[in-house]
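Input sequences plus hints: build the corresponding full structure.
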Amino acid sequence: MGPMTVEQLGTFRSEFLKDEKNVLAQNLVSKSDPQLACVSRGVYDLNVSNTVFTHKISDEGKPVSNQKASGRCWLFAALNAMRVPFMKELNLEEFEFSQNYLFFCDKVGSTTSSTLDELDEFFQILIIISLKYGT
Numbered sequence: 000m001g002p003m004t005v006e007q008l009g010t011f012r013s014e015f016l017k018d019e020k021n022v023l024a025q026n027l028v029s030k031s032d033p034q035l036a037c038v039s040r041g042v043y044d045l046n047v048s049n050t051v052f053t054h055k056i057s058d059e060g061k062p063v064s065n066q067k068a069s070g071r072c073w074l075f076a077a078l079n080a081m082r083v084p085f086m087k088e089l090n091l092e093e094f095e096f097s098q099n100y101l102f103f104c105d106k107v108g109s110t111t112s113s114t115l116d117e118l119d120e121f122f123q124i125l126i127i128i129s130l131k132y133g134t
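The numbers in numbering that gives the first Met the number 0 rise by one with no breaks, and the one at position 50 of the sequence shown is 49.
The set of hints was computed from the structure by calculation and includes no laboratory data. A quick note: this is a predicted structure, and the numbers were derived from the prediction, not measured. A hint or two may mislead.
[Stated by the list, open to error] List of simulated lysine-lysine pairs, DSSO-like, C-alpha gap at most 27 Å:
id, residue 1, residue 2
1, K87, K131
2, K87, K55
3, K20, K30
4, K61, K20
Dropping the structure here:
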C-alpha cells in the first residue's frame, strides 16, 4: 500500500460527513474539552441514579444551618451533632442552637487566640464556652 492520495482523503472526508453523529462529535470536540465531552451524562441523570439509593434517611435537625464560609465549621458541626438528640428529647420539630452567640463568646474570651495544635482542641473550646456562657 502506497501513500494516501488526495482522492482517497476526499473519499474519507465525504464518508465521514455523511454520518450526522460524526459531524456532531467533530463539532463537540473542536469547541470544548474532549475529556468533558466523553463523560457519560447518564450517570448524572437524577432519574437514572435515583435507583442507586436503597435507604431513606428521615429529615431531622431542621432548619439546616449554613456557616457560609465564615470559618466556624467546627462550631456548626458540634452544635448540629448535639441538636438532633436535643430535639428528640424535647419532642421539637425545629430547633437551632445559637452559633452566633457561642462564636461571639469565643471571640470575647479570646479562647482561639493561640494556634490550635490538635483538632480535639475545638471540642474543648466548645465545652468551655458552653459551660461558661450556656448554649
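The hints, checked one at a time:
1. At roughly 25 Å between alpha-carbon atoms, K87 and K131 fall within 27 Å of each other, so this suggested pair holds.
2. Between K87 and K55, the direct Cα distance comes to roughly 19 Å. Compliance with the 27 Å bound is thereby established for this hinted pair.
3. The hinted pair formed by K20 and K30 meets the criterion: a straight-line CA distance of about 16 Å does not exceed 27 Å.
4. Distance restraint check for K61 and K20: the Cα-Cα separation of roughly 49 Å exceeds the 27 Å cut-off, and the hinted pair is therefore not satisfied.
The structure does not agree with numbered hint 4 stated previously, though it agrees with all others.
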